[in-house]
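A.B. asks: Quick note, the sequences are listed as chains S and H, same order.
Once you know that position 660 of the first sequence is 660 in the numbering used here, the rest is easy, because the numbers rise by one and skip nothing.
Once you know that position 496 of the second sequence is 1209 in the numbering used here, the rest is easy, because the numbers rise by one and skip nothing.
Hints in this document: simulated from the structure, not taken from any laboratory.
A virtual CB, placed ideally from N, CA and C, is assigned to each residue, including glycine.
A portion of the hints provided could be inaccurate.
With a straight-line cut-off of 16 Å between C-alpha atoms, the simulated EDC-like cross-links for lysine to aspartate or glutamate are [said to hold, decoys possible]: (1) H:LYS1245 <-> H:GLU1297; (2) S:LYS153 <-> H:GLU1134; (3) S:LYS432 <-> H:GLU1134; (4) S:LYS323 <-> H:GLU1297; (5) S:LYS350 <-> S:ASP331.
Computed Cβ-Cβ distance ranges for the label pairs, DEER-style [to be verified]: (6) S:GLU322 <-> H:GLY1014: 52 to 62 Å; (7) S:GLN578 <-> H:ASP1250: 24 to 34 Å; (8) H:THR977 <-> S:GLU302: 25 to 35 Å; (9) S:THR468 <-> H:ALA1135: 58 to 68 Å.
One-sided and incomplete, this derived list gives chain H residues near chain S with beta-carbon spacing under 7 Å [what the hints assert, rightly or not]: (10) SER878; (11) LEU881; (12) ALA884; (13) LYS1049; (14) GLU1134.
Number of protein chains: 2
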Amino acid sequence: MSINNSLKITRLFEPRTVAVIGASSNPNKIGYTIVKNIVQGGYSGHVYPVNPKGGKILELPIYQTIDEIEGEIDVATIAIPAPFVFDVVKACAAKGVKYLSIITSGFSEVGNTEEEKQIVTYAREHGMGVLGPNIFGIYSAAVSLDATFGPGKIMAGNVAIITQSGALGIAMIGKTATEKIGLSAIVSVGNKADVDEADLLDYLTYHDGTKVILMYIEGIKQGEKFIKALKEATQKKPVVVIKSGRSKRGAVAAASHTGSLAGTDEIFDAIMRQCGVLRAESLDDAFSWAKFLADTPMPDGENTVIVTNGGGIGVMATDACEKYNVKLYDDLHTLKQIFSPVTPDFGSTKNPVDITGQAAPNDYNSALGAGLKNNEISSMIALYCETAVFDADSLSRMIKTNYANYQAGQKPIVFSILGGEAVENSITTLRKEGVPIFADVYEAVSCLGAAYKWRSYLQDYTEEVDTTAMDINAIEQIAQNALQDGRTFLLADEAQQLMAVAGLPMPQSHVAHSLDEAVRLAEKIGYPVVMKVVSRDILHKSDAGGVALDLDNKEEIIDAYQAIIQNCRAYNPQAVIQGIEVSEMVKSGTEVILGARKDGAFGPIVMFGLGGIYVEVMKDVAFRAAPLNRSEIVSMIKEIKSYPLLLGVRGEARKDIESIIDTLVKLATLIRQSKSITDIEINPLMVYEQGDGTKAVDVRVLVSNVEKGNPNG
Amino acid sequence: MSINNSLKITRLFEPRTVAVIGASSNPNKIGYTIVKNIVQGGYSGHVYPVNPKGGKILELPIYQTIDEIEGEIDVATIAIPAPFVFDVVKACAAKGVKYLSIITSGFSEVGNTEEEKQIVTYAREHGMGVLGPNIFGIYSAAVSLDATFGPGKIMAGNVAIITQSGALGIAMIGKTATEKIGLSAIVSVGNKADVDEADLLDYLTYHDGTKVILMYIEGIKQGEKFIKALKEATQKKPVVVIKSGRSKRGAVAAASHTGSLAGTDEIFDAIMRQCGVLRAESLDDAFSWAKFLADTPMPDGENTVIVTNGGGIGVMATDACEKYNVKLYDDLHTLKQIFSPVTPDFGSTKNPVDITGQAAPNDYNSALGAGLKNNEISSMIALYCETAVFDADSLSRMIKTNYANYQAGQKPIVFSILGGEAVENSITTLRKEGVPIFADVYEAVSCLGAAYKWRSYLQDYTEEVDTTAMDINAIEQIAQNALQDGRTFLLADEAQQLMAVAGLPMPQSHVAHSLDEAVRLAEKIGYPVVMKVVSRDILHKSDAGGVALDLDNKEEIIDAYQAIIQNCRAYNPQAVIQGIEVSEMVKSGTEVILGARKDGAFGPIVMFGLGGIYVEVMKDVAFRAAPLNRSEIVSMIKEIKSYPLLLGVRGEARKDIESIIDTLVKLATLIRQSKSITDIEINPLMVYEQGDGTKAVDVRVLVSNVEKGNPNG
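Pulled out of the complex, with its shape left as it was, chain S reads as follows (with noise of 0.2 Å):
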């Protein structure tokens, strides 16, 4: 959407009138439950059905035009047939309505781009924003407008969901009605022709009835807009997405390693991490997570501690918790101060604090109780195994008991119980009442891992965005130079020239005509220097002796001249030699690629690996989308798994880390700045030890006239 304006999105969410065109009486159409759905959900604001043949539907009186309705429409809902949509629309612009929901389908998402395109352009035009087409359309709470033709009698509550899936998100609707979740809104995204998931966001972000916010996601439009809008979102509340298609196969085959060494997942992956977002495999794992987390407190701390009646279940626990990142106290010494009156002689209060299978639910209240009270403990994890101790409803009582304590007490705590059909029952009951309770531990851990990933992130965040001073006008400069020749790659010279006024100096290397001229270069580069023979019909220079390393003085660049002409003359008589190259000499060190390029989906991104094998087998390379600051870099750079070689190895000393970030800066600074440069790529970037710097020895860099990473900005 152009424009981008959350006090005009909020129309769309908390609409004072809505019209639906295409009402019908006809209970079978699509046209009907929408109005039914309004209708039942209690509405607070006034629904126009419109429909050209009049007469009522559920005792409304059926408007034959949008234009007969007094008053204003802030959202028009379309539900007609794809060919009269456009004529609709423009009824809709006369009207002066501010948000239109295309149910329809038969756009883009058949092939039919061109009107899709024709409609926005003109609902735009006429300041309307567009929701769709191809979607269900829209549920908030706000109003309680449940403006979709959906199952209906949707729960009110705190979670909002945006899904790119309309069929999937009916499906959802009833999901969450089954499982007590309740919504502040849903809405269904289908085509992205105009409105997206980051202008939705502008609103939920901001709308306090909203405490998570869940995504269901096929594919990214705008990248950057939506990358922006996440780290907005994430810093007021969760926001859970599904990405479903990471196992897509023909991503675009870019030229680059950047663009060829991940799957677009491995990319969208590393760009949710940065945005804090928490990324859920299934559809089960992202509802646990946003219900937990739209209802539980955050932690304060990072100790959690285990506390159980089986070995055996909180063995399994304490592997959910390293898999979910969620910490386990382990000052054995308070453990023992706390938990030891509450746990009998043959228990244990290590963590897991085992109270045994003898535990009454008095045992599990002291040692939960205690826990609570701590103020070393930040969350709590309570496992039961069944037992003939004590009995469901018990179980029950005691569990609700103690999530009561704990969300007055402002702390985190999560429940798994395993056993027969009566603790069944009960994990269904309480589930439905709120407790965060589960089957299976891993779940029960991976909720309280989403919170504790989520504050973390909190924790490490910081806003700025670390850029570098830069001649972009001179970078363009080259780069058009280069379009103009009708080439969409730098030449050597080229880039050496844009590397300068970026700030990364590249071996400096030039052609001499004549011994004197050699002398001269190799006296203003500086000893030690490397000499090649530069000439098209001598292909591999070391076999011909064409090439000398490590010159020392003028002494050695008079034989090494002469030995060079020599040498390929006798190798190909034939051979024109246009010059002999002098290049400073490139002392060896840790060998890394750096990458930058505008991807189609994600906009300017930045990627980092281990040179050589590290990069071409291992696939040891990771990203982040850009503007960026210091500490997303550092992250990126320590994911690598050959990391630890950057810290020395083997007795090396530690190399110069905040010269591959200062490098990282400037790339992802040229990338976001320059138009014409799509894709930068030095490999290798000698990284020295710590202090000694890095040396950029060869680069790569495509430019075009086309700008991408929007393309349908």
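Dock chain H against chain S, hints included.
C.D. replies: Here is chain H on its own, set in the frame of chain S:
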């Protein structure tokens, strides 16, 4: 168990008579519950309650001592306090009991290891096997025996469970009842003082009433025996294993909670793969897989097709298929032929086959029917997102019909459906009727993935073990010499000697004490050679100028010899020079590390990885248990991430993988046959191009007089 005898173990599962020692008429006592469960479970043999107090329990007379019972006793279940157990064991021995099932706790799990050992030793000496102690007992459907203190009402069926945790086991009995998973047996192994999982597998592998074996394991004691039993079992039926303590912290928790050794999880995981075991992370997965595998026909090919009425859920299923290695059929032409007659025009015949949101039960019947009939398609995933097109009853009927058809047609099918309360209820009802139906697509696909994983293991399996002829006596002699010398490691020359005997000649190396000798040795070894000073007083040989590489002829030897002596004298005039080592010059190649050792838990294992950074930083290593065959070694080598380096990258030639395999066969043979060698590591092994072999450059060998790998054997 020393007497590994499946005829004998049959008596544990199919006893003709059972005595319950510690039987009680007090319903709060375990001794009452066991008798009650036996009686109410409808045991087909005779049960004899025993208690010195005498009296009656549930109409049965209580015997005061076991020797009062007439006739033989196959199993005596002992549920009396620990201090009285040994006396009762003696009485059982006198009576000629065949198996003891010692419920009583208070032995090695609380540190009382000595008494446990005494009891087991006594029992074994008197021909009795011991289950436990510290268990809940045994249930066996073959004779309708529920000799546990569990909740009773176990449903007979075809899944066998072995559990190391009693508390979890009892909860599992409840869980299986709720989920309507019928059991052929459930056995608690507790402290595994005698009978362990391997012994129980001896029965369950060949028990026709058992279709699937599910194990909960916390630690392994006799790994080699267990591995052998597992390999045998997975030839006959799927084995699902949950191993807790996979995290480091969890392993500590597991060790404190039972008495067993928690092996490192990577090794455990590798060995489970090697044995064709399906390892589940959570109980939920384990139960889902076990139930599915017990009921479903095995797929007869690899091609799976997804049928869906919604795009979003189809994409998620595709993702799940990639995760669980379920191959989606992708012959678009054939798919079109099969499914276009049953798919609307606006649907898709690609896989996922999208029969659209308009699909009615008949459309599902047609599409699933078409898939069932086609021989190219070996399994089906049917997805449904709730729509208004049909109701939950029709859905249930449709699913039941198609499931029945697929069962009859011997083709696996799984269902995943998503929606509101009515859909949720259908899932619950259908699951209890045995239909593999899930709310979560990942769970559904994981079941099919388990079936394919087992199928693929069976297809790749070859029974033979590859070994190599080796003069093991000579090797033992070398090891014994070191041990007699008070060392637990071999000196360089001993290790070289051992490697030569094992058929792994190392670079030749001898110490010369004169120039003449150096020349003689060099000519014997063959040029080029390397020379190094041998002196206890010179640690940094290169710094001292004490090393000369790449010596090609007699003249170079003479020069180098003199130079080394001079350099070293200059470097340290006090140094005593023992001689000059003359060694074969080893060509550089791809460096790999090979290891073999006797693991405390798993017995002899072999290890493989690429040298240097790959092992140290990337932890890119693979493990397998010995004995093993070449195809298992191949799968181990292929498992490492850096495997492409062996195939040749950047235009390099393929490396001599065959020679690596040969070397691993030799190491596996050596570690299994030698009593004294506990660890051997070749680092590096230089690998040359295919056909050029490998060369062990350095080796480290540890020896011990204490036999490892069988701490309880």
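A.B. asks: Measure nothing beyond the straight line between the CA atoms of S:LYS432 and H:GLU1134; if it is 16 Å or shorter, mark the hint as holding.
C.D. replies: holds (12 Å)
A.B. asks: Please work out if S:LYS323 and H:GLU1297 have their alpha carbons no farther apart than 16 Å.
C.D. replies: violated (49 Å)
A.B. asks: Okay, S:GLN578 versus H:ASP1250 on CB: inside 24 to 34 Å?
C.D. replies: violated (58 Å)
A.B. asks: Are the Cα atoms of S:LYS350 and S:ASP331 separated by 16 Å or less?
C.D. replies: holds (9 Å)
A.B. asks: Determine whether the Cβ-Cβ distance between S:GLU322 and H:GLY1014 falls within the hinted range of 52 to 62 Å.
C.D. replies: At 38 Å between Cβs, range violated.
A.B. asks: Using Cβ atoms only, decide whether H:LYS1049 comes closer than 7 Å to chain S, and label the hint accordingly.
C.D. replies: violated (18 Å)
A.B. asks: Okay, H:THR977 versus S:GLU302 on CB: inside 25 to 35 Å?
C.D. replies: For H:THR977 and S:GLU302 the Cβ distance comes to about 26 Å; the hint holds.
A.B. asks: Please work out if S:LYS153 and H:GLU1134 have their alpha carbons no farther apart than 16 Å.
C.D. replies: holds (12 Å)
A.B. asks: Against chain S, is H:SER878 within 7 Å by beta-carbon distance?
C.D. replies: It holds, given that the least Cβ distance between H:SER878 and chain S is near 3 Å, below 7 Å.
A.B. asks: Do the alpha carbons of H:LYS1245 and H:GLU1297 lie within 16 Å of each other, as the hint requires?
C.D. replies: The hint holds at about 11 Å.
A.B. asks: Going by Cβ atoms only, is H:ALA884 closer than 7 Å to chain S?
C.D. replies: OK, holds: H:ALA884 within 7 Å of chain S, min 4 Å.
A.B. asks: Taking the Cβ atom of S:THR468 and the Cβ atom of H:ALA1135, is their distance within the range 58 to 68 Å?
C.D. replies: Hint holds: Cβ distance 60 Å, inside 58 to 68 Å.
The structure shown violates the earlier hints numbered 4, 6, 7, 13.
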